[in-house]
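The task is simple: from the sequences and hints, build the whole structure.
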Amino acid sequence: MYKKVYALLLLLFCGFTGMQVHAQDSTGQLRTVDSASAQRIEMADQLRSNGKIYVVVVVVIIILLGLILYVTRLDRKISRLEKEVSRDK
Amino acid sequence: MLRQNWWKILCVVLLIYTFVAGFLGSVPARPILNETIRNYYFHIAMWFSMMIFFIISLVYSIKYLRSNNHIFDIYALEYAKTGIVFGALGLATGSAWAGFTWGAFWSNDPKQLGAVVALLIYLAYLVLRNSMTDVDKRARIGAVYNIFAFAMLFPTIWIIPRMVESLHPGGAGNPAINADWRIRIIFWPGAMPGWTLLGVWITSLRIRLQMLAEQRHH
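Quick mapping for you: the protein sequence lines, in order, are chains A and B.
Sequence positions in the first sequence follow our numbering and run 1 to 89.
Sequence positions in the second sequence follow our numbering and run 1001 to 1218.
These aren't lab readings, by the way, just hints derived from the structure by calculation.
Be aware that one or more of the hints could be misleading.
[To be verified] One side only, chain A facing chain B, incomplete, derived with CB under 10 Å:
1. 41
2. 42
3. 68
[What the hints assert, rightly or not] Here are the simulated DSS-like cross-link-like pairs (lysine-lysine), alpha carbons at most 30 Å apart as the crow flies:
4. 1081(B) to 52(A)
5. 1137(B) to 1063(B)
6. 1063(B) to 83(A)
7. 89(A) to 77(A)
8. 89(A) to 1137(B)
9. 1008(B) to 1081(B)
10. 83(A) to 1081(B)
11. 1081(B) to 77(A)
12. 77(A) to 1008(B)
13. 1081(B) to 1063(B)
14. 89(A) to 1063(B)
15. 1137(B) to 1081(B)
16. 1008(B) to 1063(B)
[Claimed, not checked] Covered stretches of chain B, as calculated for chain A (at least 3 residues, CB under 8 Å):
17. 1012-1022
18. 1062-1068
19. 1117-1131
Every residue, glycine too, gets a C-beta built ideally from N, C-alpha and C.
Okay, here's the thing in structure tokens:
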């Protein structure tokens, strides 16, 4: 139980450090430099405005979930085997 | 801890966050890198997780040497194996990334060479173990070698590549710590723990399988 709390606290801490940096950056200077250089640097903005990038995200998530399902089933199989072994003893 | 489920669910949630926010979130516009900067959530996370697995492996090797408990040896071995897999993936993804940003898939960059040497030293750990048939001897020498292999990470990954000129960013320190905040809010709470937990999950399965196999022999 304590481990769970620690993990959550760690997670929150990471999130907060991220947000603090966000607050610092939004004071202005850095961002203007960034948006000025963004005009010259080619990014996949077109891809995003057309909505096509969402297709890639969907595909990647399907693959991720498929692999997770595979690992989960392996996990269950090993658990079942462990139960059998401990019963035989 | 190993057989509980909450951290596996956490792992899946974090990875989904990494993929969705990693692809859709805003990233800083940098010349040459362009959208490939999103590799932060994948390539760098591989190396980070690898280091964590090697640290865990080291801890278990020391625990083995202190207690002679055979289970600790299994833990050390399996974490080292997962570390090697993640390291190999980091090398392959780095090479692919370099192919499109540095102009060559392999350019004998100090960071690339250092990473290869470090991984070879860890591969030798597996070879060394397999060269011995006596279980206790294998565990003992393996544990001592594992400590040496970890010590070699310092020159090969953490010191020498940062002292010489390199194409790879992060010469002045860790590239993930000095990154833009938009990258950090996905990398630190999402990609880093997400990928690490996935590795721990797979390692825990291998450890349990190994223990089952041992029980059958006894």
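Consistency of the hints with the structure:
The closest approach between the C-beta of residue 41(A) and any C-beta of chain B is roughly 4 Å, which is under the 10 Å cut-off, so the hint is satisfied. About 6 Å separates the beta-carbon of residue 42(A) from the nearest beta-carbon of chain B, less than 10 Å, and the hint is met. For the restraint placing residue 68(A) at the interface with chain B, the shortest Cβ-Cβ distance is roughly 5 Å, inside the 10 Å limit, so the hint holds. For the hint linking residue 1081(B) to residue 52(A), the alpha-carbon distance of about 38 Å lies beyond 30 Å, and the restraint is violated.
Restraint check for residue 1137(B) and residue 1063(B): the C-alpha separation of about 16 Å stays at or below 30 Å, so the hint holds. With a C-alpha separation of about 28 Å, the suggested pair residue 1063(B) and residue 83(A) falls inside the 30 Å cut-off, and the hint holds. Restraint check: the Cα-Cα separation between residue 89(A) and residue 77(A) comes to about 19 Å, which is no more than 30 Å; the hinted pair holds. Between the alpha carbons of residue 89(A) and residue 1137(B) the distance comes to roughly 28 Å, so the proposed pair stays at or under 30 Å and holds.
At most 30 Å may separate the alpha-carbon atoms for a hinted pair to count; residue 1008(B) and residue 1081(B) meet this at roughly 20 Å. The suggested pairing of residue 83(A) with residue 1081(B) holds, with an alpha-carbon distance near 26 Å, which does not exceed 30 Å. A hinted pair counts as satisfied when its Cα atoms are at most 30 Å apart, and residue 1081(B) with residue 77(A) qualifies at roughly 22 Å. For the hint linking residue 77(A) to residue 1008(B), the alpha-carbon distance of about 16 Å falls within 30 Å, and the restraint holds.
Taking the CA atoms of residue 1081(B) and residue 1063(B), the gap is near 18 Å; set against the 30 Å cutoff, the hint holds. A distance of roughly 28 Å separates the Cα atoms of residue 89(A) and residue 1063(B); the hinted pair therefore holds under the 30 Å criterion. Restraint check for residue 1137(B) and residue 1081(B): satisfied, since their Cα atoms lie roughly 19 Å apart, inside the 30 Å limit. Proposed proximity of residue 1008(B) and residue 1063(B) is supported: the alpha carbons are some 26 Å apart, at most 30 Å.
With 5 residues bearing a CB less than 8 Å from a CB of chain A, the segment 1012-1022 of chain B meets the requirement of three and the coverage assertion stands. Judged by the Cβ-Cβ criterion of 8 Å, the segment 1062-1068 of chain B is not covered by chain A as claimed, because only 0 of its residues qualify and three are needed. Coverage of a stretch by a chain is defined here by at least three residues with a beta carbon nearer than 8 Å to that chain's beta carbons; for the segment 1117-1131 of chain B and chain A the count is 0, and the condition is violated.
Violated hints, in rising order: 4, 18 and 19; the structure is consistent with all others.
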